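Which chain is which? The protein sequence lines are A and B, in order.
Quick note: the first sequence, position 108, residue 108 per our numbering, numbers continuous.
Quick note: the second sequence, position 191, residue 1191 per our numbering, numbers continuous.
These are computed hints drawn from the structure, not numbers from a lab.
These figures come from a predicted structure and were not determined experimentally.
Cβ coordinates follow ideal geometry from the N, Cα and C atoms, glycine included.
Treat the hints with caution; some may be incorrect.
Said to hold, decoys possible - Restricting the straight-line Cα-Cα distance to at most 16 Å, the calculated cross-link-like pairs of lysine to aspartate or glutamate (EDC-like) are:
1. A:69 - B:1142
2. B:1282 - A:299
3. B:1282 - A:287
4. B:1373 - B:1390
5. A:84 - B:1142
6. A:174 - A:281
7. B:1230 - B:1191
8. A:306 - A:142
9. A:54 - A:235
10. A:54 - A:278
11. A:152 - A:142
12. A:275 - A:53
13. A:220 - A:278
14. A:263 - A:115
15. A:263 - A:86
16. A:284 - A:53
17. B:1111 - B:1296
18. A:220 - A:235
19. A:114 - A:287
20. A:215 - B:1234
21. B:1282 - A:86
22. A:263 - A:299
23. A:69 - B:1293
24. A:69 - B:1296
Unchecked claim - From the derived model, a few chain B residues whose C-beta atoms are all more than 12 Å from chain A:
25. 1183
26. 1187
27. 1311
28. 1322
29. 1323
30. 1326
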Amino acid sequence: MKRFTAVLAVMLLASFLVPAVSMAADAYPSKPVAGMVPMKPGGSTDLMARAIEKYWIKYSSQPMVIVNKPGGGVVGTEGVVRSKPDGYTLYLGYGSGHDIVMPSLQKMPYDPQKDLIPVARVSIHSVAIVTGAKSQFNSIKDLAAWSKKEGKPITTAVSVKAGAVDLALTAFGKAAGVNIVTVPFSGGAEAATALAGGHLMIGGGHPSEVIPHIKAGRFKALAVVLPQRDPSLPDVPTLKEQGIDVATWGSVKGVAAPAGTPKEVIQYLEGTLKKVCEDPEFRKTMENLSQPVMYQGSEEFGKFLKQATADYAEIIKRLNITIN
Amino acid sequence: MTAIILMAGIFYGSMYGGSTTSILLNLPGEAASVVTCIDGYKMAKKGRAGAALGIAAIGSFVAGTIGILGMTLFAPAIAGFALSFGPPEKFSLAVVGLLMAVTLSGSSVTKGLVMMAMGLLLASVGLDPISGKTRFSFGVIELQSGFDFVTLAMGVFGLGEIFAGLGSFIKAEVATTKVGSVWPTLKDWAESRMAIFRGTLIGFFAGVIPGGGAVISSLVSFAVEKKVAKHPEEFGQGAIEGVAGPESANNAASSSSFIPLLTLGIPGNASIAMIFAALLIKGITPGPFLIQEHPEVFWGVIASMYIGNVMLLVLNLPLVGLWAQLTRVPFGLMAPVIILFTVIGSYSIQGQAFDIYTLIGFGLFGYLLRKLKFEPGPLVLAFVLGPMIEASMRQSLLMSGGSFLIFVTRPISLALIGLFAVLAVGQAALIVYKRFSTPT
């Protein structure tokens, strides 16, 4: 019994020591880089991450490993914020709703601007307002008219609470005088599934999430919430074209590292991502995913994020949007 | 193409492998194998590990193959069924499945309900599924995404069992030395044949529903088997139907969960979503046009699944004898190895030492449960289904503007609740009848 306990203790000890051994430091990168996706697999952020993962290895000596940590975006992002700033933990999807929209709506456990260093912007994509193919609504005007006549709320599927899609749809409702009730799911894929089943009246989503359903004849698009039309949905008018003064930045998707990451590491990551973004095959893949590549370097991306956050704050203030 | 088949293979292969550790070590590798622990581990303790493993392998093979056959023939027809499950239907299904398994499985309904409530409470730690705010984390960063399922299951099942074993060290050693027949006997086969068949049917339909289909199918199968069994009192004591049914169900479910992906382009669970992403990046859009645009992918995946199932049977059956011998290994040797693996396992999930402490904490909790004669099964199952129940209920209420009528005004949801009500009233009537008819 004594010997058994001793063996047990040694084994337990040994298992605690394992991580300490593997932490040797060499020229960056000396081991695989973890790319944290704070959403479920299959959504738009996850798709972009997996496309980057595929082309990253062409330009870096170490692979990128995608880690999904779902939880409304905040949990996974906070995991990156609190991780060691050594360049081995990156946040993929920087510029999402919870980075540039949510801070204007609720208290955040970290500062999305100060606690993260922008590495590069990869893509911007719009938010589309869609409805089931058999729905009675054929335009934004129909929605407003129905809502005024019936006085009933319009149930709307959105990916997460207080995200870019939630905000776009809520802002639309406020500006158009339509009673929109957003129902959050855990990610765009799940929201689209519920809408496809006809369980909600309308939904919002990124092109990569709704275009497959549009092609399959299950959805029709009513509007795009961007200042101009989205190249992946060229036939769909913007809200502005339909007389509603609401336009957002849609969803921005970039890469970030925790604050405190050494400058040379950021430069390496920025350079590698630039090469990935210039790769024609990567561009083609992203186009197929309806996420056009719109690269920006670290400094520019930082300025852009400040502007986008201010713009969202302005919309939220102007339309008096609250989310609880 | 090969990458997709590889990923698919890993997915349904793990569903197969989950039963082995559940039966031998009381360690459910994934949520759908929790139910297998209840009777499977009891069988192993009685020296019938071989029979349990054998029937699990055969049941899985039969169910997997029938599942794929069903998919080959009826995939498009069944796809619409998957979409008809919105938040209210998912809520009713999860609640009814959980209540059925909890009230019908253990020896005491009250204790089962207590465990279920605790499981639901544990599940509420971490992120609020609707507002995205963290709850009950008390400022502990590691708790913000909640407890991890594998750590919880390994703690209350595996470690709890070992801690309990330490208390009765010598007794445990004696109990495991008789191995008995390695293969299922004819009697076993006769008893589990129908269970496999029913499990397959339940699994096939439940698997199509996006989100949690496999877990619910194993629950429902267990409950159904107990309901139709000639000797329901054997359940929980090592009834072979309690292994055959749920194991068949979760394998049929893992086959049929490909249906929404291949025919509608809808990923039903996290593993399938990985395959979904891999296909999209290759420029292939899964959905109704997949059969026409990329027939080689559609039929390739299905063909690979037929072959994969045969391979799993061929690989697993010869191992049954070997695995069964494992129960002969003295407890004193086995226990430290299991502890080592559970610790490594829980650490490796997220690479944080915090999970090891929670593992040990749950282990001690599991020990306590055993001493107080509480079944850990309902706790773990409630923990798995808790987030789904909560999210779908709140989504439903948002949809209905706060009215609970939404759960009874939609046909599928109403049918599920009605079915449970009939079963519950029947059960209650039976208990009352027994109490008054038997002279005391």
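Hint by hint, here is what the structure shows:
At most 16 Å may separate the alpha-carbon atoms for a hinted pair to count; residue 69 of chain A and residue 1142 of chain B meet this at roughly 12 Å. A threshold of 16 Å between alpha carbons decides the hint, and for residue 1282 of chain B with residue 299 of chain A the separation of about 32 Å lies outside it, so the pair is violated. Proposed proximity of residue 1282 of chain B and residue 287 of chain A is supported: the alpha carbons are some 12 Å apart, at most 16 Å. Proximity of residue 1373 of chain B to residue 1390 of chain B is assessed by CA-CA distance (about 28 Å); at most 16 Å being required, the pair is judged violated.
Simply put, residue 84 of chain A and residue 1142 of chain B have alpha-carbon atoms about 15 Å apart, close enough for the 16 Å limit, and the pair holds. A distance of roughly 41 Å separates the Cα atoms of residue 174 of chain A and residue 281 of chain A; the hinted pair therefore is violated under the 16 Å criterion. Distance restraint check for residue 1230 of chain B and residue 1191 of chain B: the Cα-Cα separation of roughly 10 Å lies within the 16 Å cut-off, and the hinted pair is therefore satisfied. Of the supplied pair hints, the one linking residue 306 of chain A and residue 142 of chain A is violated, its CA atoms being roughly 36 Å apart against a limit of 16 Å.
Only pairs whose Cα atoms come within 16 Å are accepted, and residue 54 of chain A paired with residue 235 of chain A is rejected, the gap being roughly 31 Å. Between residue 54 of chain A and residue 278 of chain A, the direct Cα distance comes to roughly 14 Å. Compliance with the 16 Å bound is thereby established for this hinted pair. Note on residue 152 of chain A and residue 142 of chain A: the hinted pairing holds, with a Cα-Cα distance of about 14 Å set against a maximum of 16 Å. Under the criterion of a C-alpha separation no larger than 16 Å, the hint pairing residue 275 of chain A with residue 53 of chain A is consistent with the structure, at around 13 Å.
With a CA separation close to 33 Å, the supplied pair residue 220 of chain A and residue 278 of chain A exceeds the 16 Å bound. As the CA atoms of residue 263 of chain A and residue 115 of chain A are separated by approximately 15 Å, the hinted pair is consistent with the 16 Å bound. With a C-alpha separation of about 10 Å, the suggested pairing of residue 263 of chain A with residue 86 of chain A holds against the 16 Å cut-off. This hinted pair checks out: residue 284 of chain A and residue 53 of chain A have alpha carbons roughly 15 Å apart, not beyond 16 Å.
In summary, the hint linking residue 1111 of chain B to residue 1296 of chain B is not supported, as the alpha carbons are separated by about 52 Å, beyond the 16 Å threshold. At most 16 Å may separate the alpha-carbon atoms for a hinted pair to count; residue 220 of chain A and residue 235 of chain A meet this at roughly 11 Å. Between the alpha carbons of residue 114 of chain A and residue 287 of chain A the distance comes to roughly 31 Å, so the proposed pair goes past 16 Å and is violated. Restraint check: the Cα-Cα separation between residue 215 of chain A and residue 1234 of chain B comes to about 53 Å, which exceeds 16 Å; the hinted pair is violated.
For a cut-off of 16 Å, the pair hint linking residue 1282 of chain B to residue 86 of chain A is broken: about 32 Å separates their Cα positions. As the CA atoms of residue 263 of chain A and residue 299 of chain A are separated by approximately 12 Å, the hinted pair is consistent with the 16 Å bound. For the given pair, residue 69 of chain A sits about 33 Å from residue 1293 of chain B by alpha-carbon distance, which is inconsistent with the 16 Å threshold. Under the criterion of a C-alpha separation no larger than 16 Å, the hint pairing residue 69 of chain A with residue 1296 of chain B is inconsistent with the structure, at around 33 Å.
Under the 12 Å C-beta cut-off, the non-interface status given to residue 1183 of chain B relative to chain A holds; the minimum distance is some 33 Å. Residue placement check: residue 1187 of chain B keeps its beta carbon more than 12 Å from all beta carbons of chain A (closest about 39 Å). For residue 1311 of chain B, the shortest C-beta to C-beta distance to chain A comes to about 26 Å, beyond the 12 Å cut-off, and the non-interface label holds. With a closest Cβ-Cβ approach of about 24 Å to chain A, residue 1322 of chain B is found to remain outside the 12 Å limit, as its non-interface label requires.
The beta carbon of residue 1323 of chain B is kept farther than 12 Å from every beta carbon of chain A, the shortest such distance being approximately 23 Å. Listed as a non-interface residue, residue 1326 of chain B keeps its Cβ farther than 12 Å from every Cβ of chain A; the least gap is roughly 18 Å.
Violated hints, in rising order: 2, 4, 6, 8, 9, 13, 17, 19, 20, 21, 23, 24; the structure is consistent with all others.
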